[in-house]
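Got chain A sorted already, so can you dock chain B onto it with the hints?
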Amino acid sequence: MKHRTFFWFFLPTGLAMLVFIAFPIVSVLMQSVFLPHEAVLIETENCGPFGCKVETAIDQEATNKLREAAPLGRFAGLEIYKDRGHLAFSEVGEAWRTTDSLGAFFSELGDLPFYRAMAFTLTYTFVCTPLLIALGFAVAVGVNSLNQRLKGLVIFFSLLPMIVTPLVGSLILFWMIDSRGVLGNFISYLANDPSLSLKASTPLMWISLIIYGIWSSAPFAFVVFYAGLQTVPQDTLESAQIDGATRWQRIRYVVIPHLMPLVTFVALIQLMDNFRVFEPIVGFNAEAHATSLSWIIFNDLSGETQQLSAAATTSVLTILGVAVLLSPVLVRTWRDFKGGH
Amino acid sequence: MKHFKTALMSGVAVAAFATAAMADGHGCKVTDGRVSIIGNEFPAIQTVGAGAQACAGDNVTVESNLTADHQKINLAGMQGNPAEYTTAIIANSSIVALMNNDVIRPLDDLIAKHGGDLQKTQIITINGKAMAVAFMANAQHLVYRADLLKEAGLEVPTSYEDMLSAAKMLREKGLSENPVGGAYKAGWNLAQEFNNMFLGYGGQHFKDGSAEPMVNSEAGVKALEMMKSLSEYMNPDFLTHDSNVTNGEFRAGNVALMNMWGSRAATMTDADGVPQEVIDGFAIAGPMTVGGGSVPATTLWWDGWTVAKNISDADAEATFLAMMNGINPDRILSDDETAKQAVWLLEGYEPTPSAEGVFAAAQSGAIPYPMLPYMGLMHTALGAELTDFMQGKESAEQALGDVEAAYRAAAKENGFLQ
Numbered sequence: 010m011k012h013r014t015f016f017w018f019f020l021p022t023g024l025a026m027l028v029f030i031a032f033p034i035v036s037v038l039m040q041s042v043f044l045p046h047e048a049v050l051i052e053t054e055n056c057g058p059f060g061c062k063v064e065t066a067i068d069q070e071a072t073n074k075l076r077e078a079a080p081l082g083r084f085a086g087l088e089i090y091k092d093r094g095h096l097a098f099s100e101v102g103e104a105w106r107t108t109d110s111l112g113a114f115f116s117e118l119g120d121l122p123f124y125r126a127m128a129f130t131l132t133y134t135f136v137c138t139p140l141l142i143a144l145g146f147a148v149a150v151g152v153n154s155l156n157q158r159l160k161g162l163v164i165f166f167s168l169l170p171m172i173v174t175p176l177v178g179s180l181i182l183f184w185m186i187d188s189r190g191v192l193g194n195f196i197s198y199l200a201n202d203p204s205l206s207l208k209a210s211t212p213l214m215w216i217s218l219i220i221y222g223i224w225s226s227a228p229f230a231f232v233v234f235y236a237g238l239q240t241v242p243q244d245t246l247e248s249a250q251i252d253g254a255t256r257w258q259r260i261r262y263v264v265i266p267h268l269m270p271l272v273t274f275v276a277l278i279q280l281m282d283n284f285r286v287f288e289p290i291v292g293f294n295a296e297a298h299a300t301s302l303s304w305i306i307f308n309d310l311s312g313e314t315q316q317l318s319a320a321a322t323t324s325v326l327t328i329l330g331v332a333v334l335l336s337p338v339l340v341r342t343w344r345d346f347k348g349g350h
Numbered sequence: 219m220k221h222f223k224t225a226l227m228s229g230v231a232v233a234a235f236a237t238a239a240m241a242d243g244h245g246c247k248v249t250d251g252r253v254s255i256i257g258n259e260f261p262a263i264q265t266v267g268a269g270a271q272a273c274a275g276d277n278v279t280v281e282s283n284l285t286a287d288h289q290k291i292n293l294a295g296m297q298g299n300p301a302e303y304t305t306a307i308i309a310n311s312s313i314v315a316l317m318n319n320d321v322i323r324p325l326d327d328l329i330a331k332h333g334g335d336l337q338k339t340q341i342i343t344i345n346g347k348a349m350a351v352a353f354m355a356n357a358q359h360l361v362y363r364a365d366l367l368k369e370a371g372l373e374v375p376t377s378y379e380d381m382l383s384a385a386k387m388l389r390e391k392g393l394s395e396n397p398v399g400g401a402y403k404a405g406w407n408l409a410q411e412f413n414n415m416f417l418g419y420g421g422q423h424f425k426d427g428s429a430e431p432m433v434n435s436e437a438g439v440k441a442l443e444m445m446k447s448l449s450e451y452m453n454p455d456f457l458t459h460d461s462n463v464t465n466g467e468f469r470a471g472n473v474a475l476m477n478m479w480g481s482r483a484a485t486m487t488d489a490d491g492v493p494q495e496v497i498d499g500f501a502i503a504g505p506m507t508v509g510g511g512s513v514p515a516t517t518l519w520w521d522g523w524t525v526a527k528n529i530s531d532a533d534a535e536a537t538f539l540a541m542m543n544g545i546n547p548d549r550i551l552s553d554d555e556t557a558k559q560a561v562w563l564l565e566g567y568e569p570t571p572s573a574e575g576v577f578a579a580a581q582s583g584a585i586p587y588p589m590l591p592y593m594g595l596m597h598t599a600l601g602a603e604l605t606d607f608m609q610g611k612e613s614a615e616q617a618l619g620d621v622e623a624a625y626r627a628a629a630k631e632n633g634f635l636q
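These protein sequence lines map, in sequence, to chains A and B. Residue numbers for the first sequence, in this note's numbering: 10 to 350. Residue numbers for the second sequence, in this note's numbering: 219 to 636.
Excised from the complex, chain A in its bound form (with noise of 0.2 angstroms):
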């Protein structure tokens, strides 16, 4: 393509990236490196239906002063990044030089926000992620053998967790695991503990919400297979029959090479997609036993006093992370684009 039509050709493209993509994340970064102004206090007597008590208040007229002075606020730089809120550097080295194994180290670690939100993500996103695939293959295989007419129908069902809304998906099986709910009873009366509740220890509430995740996203990669399966080529399977091949070498040796890259393509959208793991959370009332930077950001804003520099800063390190975990794609399409030129 000459470079002046590309050029006319992406335009749209380019403009709406500017405008929806790039602009916001200059903001959010402008945001992180800038402070809210020092709030100026003052004494005031406040009355109200229980009597009078003096009690602090932030001078608005002072403070408004400072705010027309400098709008964006008192530039912080790395601050914000390096305070215990979010990558935690003094307390982190703190922690190193004060105790002496490594499990005591992360032990520390683990009392940290930004640690303990990422030892869950990291722990839900790669064990997710190649456990939905399988299942997603598994699906996707078992339904293209199946007769013309009940497909459709189990298609259907297996899309449904899909299309159910993830805050409402994650409340029914939150129910569900009660310890008055259908599957809490049952793995109860399985391990023969009538105290037993999953809502209360760490371990099951995490094995809990991986398999939501893993039941949640599993449509989506057997959609993608299921449409691959399509594209296998007739010629080389039947050959493969022929030379005597079982079902499973079939699948091994002709069928899962064919759908390699439609398995990069899913692992890629799922690890991003999990890496921001949030509906869940809030649906399962987790917070106690599992944090993400998404739940984060959404606790920093949620409170009494939003703590809008503090979530622009999360923020910036959830693109960071999505980044790093886009890095090996992002190579492979630089040496690609090299190897083209």
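Certain hints may be false.
Which stretches of chain B does chain A cover? Using the computed rule of at least three CB atoms under 8 angstroms from a CB of chain A, they are [to be verified]: (1) 331–343; (2) 606–614; (3) 624–633.
If the Cβ cut is set under 7 angstroms, some of the chain A residues that face chain B in the computed set are [to be verified]: (4) 48; (5) 57; (6) 91; (7) 92; (8) 212; (9) 297; (10) 314.
Derived BS3-like pairs (lysine-lysine); straight-line CA-CA distance at most 30 angstroms [unchecked claim]: (11) A:91 with B:611; (12) B:440 with A:62; (13) A:62 with B:290; (14) B:347 with B:425; (15) A:74 with B:425; (16) B:247 with B:338; (17) A:74 with B:290; (18) A:62 with B:425; (19) A:91 with B:290; (20) A:74 with B:630; (21) B:331 with A:62; (22) A:91 with B:425; (23) B:527 with A:74; (24) A:91 with B:630; (25) A:62 with B:527; (26) B:347 with A:74; (27) B:611 with A:62; (28) B:247 with A:62; (29) A:62 with B:347.
Just so you know, these hints were derived from the structure itself, not from any lab. All of these numbers come straight from a predicted model, not from anything done at the bench. C-beta: ideal position from N, C-alpha, C; glycine also.
Positioned in the frame of chain A, the structure of chain B alone reads:
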């Protein structure tokens, strides 16, 4: 590109909008203007909202958005010019965020002009300026199952120590497996239960006149230890139970003793399917003390409304009048159903039996929830950092040290600490 957008995501609240269709201006003095209400959702506030909506007419639009997520959207909805919401229904904790960001206006002139019916105690003044009009009081206090206590031969607990021994007895006698209920859900609820207990032990959140935290103290440790002891008698899922779920547990007959909001006490046994013994056995008492303290382990609250700063004076007047109609004592107090919904701070209010707990709290010298600009940050830090202790993963001192560290980082970011 789907993944990038989430990085910028913030909480999106699902809000139910209701526009008044009724043009029944009964007793309402509004002739024209725009009124838009944002507020929490419980029966008493719905009554106030409905009263304001009755002002809708040919030249008056009244919209009301009552949702449990009101705090996530009220500030953003009042910062624009003109503000989307002309009034926010808030409490003594949440008015602080609106004050901090200077989005509400002083009401002195409007009160002088139209506020003749208000009682002096209803007017919330901050630094001499009227900033809100309160309409109800609230506090957490004991609600219990009189039938179960009687069966076990127990007195009504007046302290948390009594509550513990009563719980032990109820469990031993097989009357209730998990007799204690509590809104201990990680986050806001857990932090609030800590505040109650901490103030009951004589604790103070901040050094006098400064934003320096003081929760890692003897009172803090004792408060946490008491909460831990109570949690042994709760449903093991207590860290996921907010006040709604705790109410459900009580209604289902699973709970015999709990500290619950006065605003929910009146309607406690009104739901469908509540067993008869729960309805008959339900009783209300005052808040409990702890550690031999004289101040009860609870906080006093008021709910009231404000008027946005960034709206025209005409809309502000319309809003004020519509909200005055919302809290019209004649309308609210003449109907038994609405009269019992809350402890109304309105002229002519006679306490109903369900108001007993809140009245006891106010009379026994309970402390109002602190109206400090940095209290919200402390509340958030408490809600996030106390869960490890409640699960037995760390000591009380460690958990409170984490609270102070988390609070300090947030307070520095927001310019309250150097």
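Given hint residue 290 of chain B paired with residue 74 of chain A - CA-CA distance at most 30 angstroms: 27 angstroms, holds
Is it true that the CA of residue 62 of chain A sits at most 30 angstroms from the CA of residue 347 of chain B? 14 angstroms, holds
Run the distance test for residue 331 of chain B versus residue 62 of chain A: straight-line Cα separation, threshold 30 angstroms. 27 angstroms, holds
For the pair we were handed, residue 74 of chain A and residue 425 of chain B, check the Cα-Cα distance against 30 angstroms. Holds: residue 74 of chain A and residue 425 of chain B sit about 28 angstroms apart, inside 30 angstroms.
Proposed proximity, residue 338 of chain B with residue 247 of chain B (alpha carbon, max 30 angstroms): 22 angstroms, holds
Hinted pair, alpha-carbon criterion (30 angstroms max): residue 247 of chain B, residue 62 of chain A. Please report holds or violated. 35 angstroms, violated
Residue 611 of chain B and residue 62 of chain A were given as a pair; does the straight-line alpha-carbon distance stay at or below 30 angstroms? 39 angstroms, violated
Hint validity - residue 212 of chain A Cβ closer than 7 angstroms to any chain B Cβ: This interface hint is violated because 12 angstroms lies over the 7 angstroms limit.
Taking 30 angstroms as the top limit, are the C-alpha atoms of residue 91 of chain A and residue 290 of chain B close enough? 27 angstroms, holds
Compare the distance between the alpha carbons of residue 62 of chain A and residue 425 of chain B with 30 angstroms, and conclude whether the hinted pair is satisfied. 16 angstroms, holds
Does residue 91 of chain A pair with residue 425 of chain B here, judged by a C-alpha cut-off of 30 angstroms? 27 angstroms, holds
Pair hint residue 527 of chain B and residue 74 of chain A, alpha-carbon separation not exceeding 30 angstroms: Distance ~18 angstroms between residue 527 of chain B and residue 74 of chain A Cα, so the pair holds.
Violation of the numbered hints given earlier is confined to hints 6, 8, 27 and 28; the remaining hints are satisfied by the structure.
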